[in-house]
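Residue numbers (this note's numbering), protein chains in the order written: chain A, 19 to 292; chain B, 19 to 292; chain C, 19 to 292.
These are computed hints drawn from the structure, not numbers from a lab.
Accuracy of the hints is not assured; some may be wrong.
Just so you know, same-sequence chains aren't split out, so a pair can sit in one copy or run between any two.
[To be verified] Result set (EDC-like, lysine to aspartate or glutamate): computed pairs, CA atoms no more than 20 angstroms apart in a straight line:
| no. | residue 1 | residue 2 |
| --- | --- | --- |
| 1 | K124 | E96 |
| 2 | K20 | D210 |
| 3 | K290 | E130 |
| 4 | K186 | E130 |
| 5 | K73 | D140 |
| 6 | K73 | E96 |
| 7 | K20 | E213 |
| 8 | K285 | D34 |
| 9 | K241 | D34 |
| 10 | K124 | D175 |
| 11 | K281 | E187 |
| 12 | K245 | E96 |
| 13 | K107 | E130 |
| 14 | K169 | E130 |
| 15 | K172 | D200 |
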Amino acid sequence: MKNPLIVLLSDFGESDIYSGVVKGVISSICSNAHIVDLTHNILPQNIKQAAFLLKNTLQYFAPETIFVCIVDPGVGSERKSIILKTSDKYFVGPDNGLLSYIISDKGCEIYELSNSDYFLNDVSYTFHGRDVFSPAAAHLANGTDIQKFGKQIKLKDIVTIPPPLFQKEALHTWLGEVIYYDSFGNIITSLDAKEIGASFENIQDDKIITEGWRFEIAEHIIKGLKKTYSCAKAGELLAYIGSFGYIEIALRNGNAAQTLNIKSGDKIRAIKFN
Amino acid sequence: MKNPLIVLLSDFGESDIYSGVVKGVISSICSNAHIVDLTHNILPQNIKQAAFLLKNTLQYFAPETIFVCIVDPGVGSERKSIILKTSDKYFVGPDNGLLSYIISDKGCEIYELSNSDYFLNDVSYTFHGRDVFSPAAAHLANGTDIQKFGKQIKLKDIVTIPPPLFQKEALHTWLGEVIYYDSFGNIITSLDAKEIGASFENIQDDKIITEGWRFEIAEHIIKGLKKTYSCAKAGELLAYIGSFGYIEIALRNGNAAQTLNIKSGDKIRAIKFN
Amino acid sequence: MKNPLIVLLSDFGESDIYSGVVKGVISSICSNAHIVDLTHNILPQNIKQAAFLLKNTLQYFAPETIFVCIVDPGVGSERKSIILKTSDKYFVGPDNGLLSYIISDKGCEIYELSNSDYFLNDVSYTFHGRDVFSPAAAHLANGTDIQKFGKQIKLKDIVTIPPPLFQKEALHTWLGEVIYYDSFGNIITSLDAKEIGASFENIQDDKIITEGWRFEIAEHIIKGLKKTYSCAKAGELLAYIGSFGYIEIALRNGNAAQTLNIKSGDKIRAIKFN
């Protein structure tokens, strides 16, 4: 590839050397790779959050991008390492469900990552991100054929995790869940705005509020859907459509996740009443 | 451009995916761009801090560098997006004062960023950094003429914010303000060391202290100006000339901002008495 | 160099603009440099931690990599700046011991960094990382001969710091120390697993525990050496071989460093009893 882009997604946290070392490994094999941190702040071992963010951000990356995904509580066990190819991108990581949200029938292929020719010489029990996934990604970027990494696996044979909760409970009621909260305490949910018919399209007024919605979360009721954060008063809880197309809950000038004592997996209900 | 450099300045914080997604957008349009994080830790919505840091760091970047500036509390409202060209660099961001400190009469041009040919296909109400500023910056890096992004705006017509407080109160007295404090609690002020005549030039002794200064901040008095941090005793407050040429206040082996309970905008007075 | 790689190691912390400015300086001199953050989270002024991490991670970087090392409590004093060349890599930083762990007799050369032709025009008293080390690294990447930066220094003439504590106390007993703890509170020690004969090589069972070890740290006794983190029960302290080959102490689902009230330099003893 001419200007290969390798993207890192992990739960390393920001404060350690792990992501720096991974970049060293990649650069030492593919010296012209551009390396981008998608995030290293997946909540520790939260495979579902990682899978959700991966699915919802990959559209912003160019074709041929290679993602190295390291949320790997089973490292050192018998879980497989895999390379997944969609119609236009590559993903390297553990076979633990992290990559299961991006599988589709259209042009998707999966290979076991088992050929140690493409690993570092010494493979540790604790850091396959460095010793297995990163060198494989760099070799892919160098043009190594995906079939050389190991035998092909059927789509149905990889480990999957349940999709984010998203159910239509009644004609105008949907049930979703909290996926995670960001560093400002804004709560990202699985309620897909398009699917529930929430939209501000063709509405120019930036102070607009759609009154006909109610959201129930952690024994709180939030009335209305606001177009922007600035529609809410200081200290007020608000629901809005986040930048990835899902309903988010925030507390203006505050931390919604802390105030509501929210954790991943908590339920949220959306009710449309006009 | 041959090795285009795009620099990011935002209040995203470090812990989320927003900066990673912005890099994806840029790379997908301009695959050979080098992308550098100036900082993502502007205090939330603190336009003044962002404007101050931008002005004081841009000299360290090469000609033709493109800055993407995302401190954007008015996103989704009617505030304009703009591209500003100085004699040798480019700046993309909201028209909210963030870019107002770098305007000068010498070769400065401003264009509205309104041509949606250079936006992502779907523009959200909440994340113009991703959907508008980043793609525009990448197209600039690809060589798109600045006049194609929208109509030219007169310098006097963009939104400005007040300059940092810096007044000569008397022959030897200056009044300034706290711009922000860094992660160690060191307090960065608007007191320009050169302007107030504070200097250690031609002084080789690294233990030197200039006695003839007094600084008043938050009901504390700090005597003397020290050449380096190591001139102070443990637990002692000190004033020194920071690496960007402004007076800074630190607490040796401690956190000055917390100890003095300082916030952005607090006043500081410098008095020279010999 | 064709795709020069410059690696940054510092105690800046993540939240400020210092690393961004350093990247600006490097890019403005060597526009095709790839710049990687190894870490900016060295504990403030902890030269020993920086030296240890540098020594244990440089193997993951390609030949010709240039490391810029900025843990520099003596900046502004008379401490020298140096460039160190090993058989295949370059290191720029202060002469304060930071680079002393990587010196060897094989092809190692050291030069004083004193030729101000390779500095920024204005050199501050407080930020040689920006004004001296970074421009020198970028000039090196551009191919400037190392001898042009200043006069050669004998290996024995640079400042050294004591090596990490690692003593054989008895036939089966070793004494080491805590180097640092990571953001999860995992404690990284100086006990070299290979040197003390701790190994899981040729052991396929991922639930394996080697019973014949005892570790004493901060009045706690940890029995056994576990192959992976997942061998321990929730709330249990465990010893394991970390990904850089040293004994590490963790608390499953907790923060070992906080719970044990550990700090850098605390002692740890390993006893093998079968």
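Verification of the hints:
no.: 1; hint: K124 to E96; result: neither (29 angstroms within a copy, 41 angstroms between copies)
no.: 2; hint: K20 to D210; result: neither (36 angstroms within a copy, 41 angstroms between copies)
no.: 3; hint: K290 to E130; result: neither (46 angstroms within a copy, 39 angstroms between copies)
no.: 4; hint: K186 to E130; result: neither (37 angstroms within a copy, 44 angstroms between copies)
no.: 5; hint: K73 to D140; result: between (32 angstroms within a copy, 17 angstroms between copies)
no.: 6; hint: K73 to E96; result: neither (26 angstroms within a copy, 31 angstroms between copies)
no.: 7; hint: K20 to E213; result: neither (39 angstroms within a copy, 44 angstroms between copies)
no.: 8; hint: K285 to D34; result: neither (33 angstroms within a copy, 22 angstroms between copies)
no.: 9; hint: K241 to D34; result: neither (42 angstroms within a copy, 27 angstroms between copies)
no.: 10; hint: K124 to D175; result: within (17 angstroms within a copy, 51 angstroms between copies)
no.: 11; hint: K281 to E187; result: neither (22 angstroms within a copy, 48 angstroms between copies)
no.: 12; hint: K245 to E96; result: between (48 angstroms within a copy, 13 angstroms between copies)
no.: 13; hint: K107 to E130; result: within (17 angstroms within a copy, 35 angstroms between copies)
no.: 14; hint: K169 to E130; result: within (6 angstroms within a copy, 54 angstroms between copies)
no.: 15; hint: K172 to D200; result: neither (35 angstroms within a copy, 39 angstroms between copies)
The structure fails to meet hints 1, 2, 3, 4, 6, 7, 8, 9, 11 and 15 from the earlier list, while all remaining hints are met.
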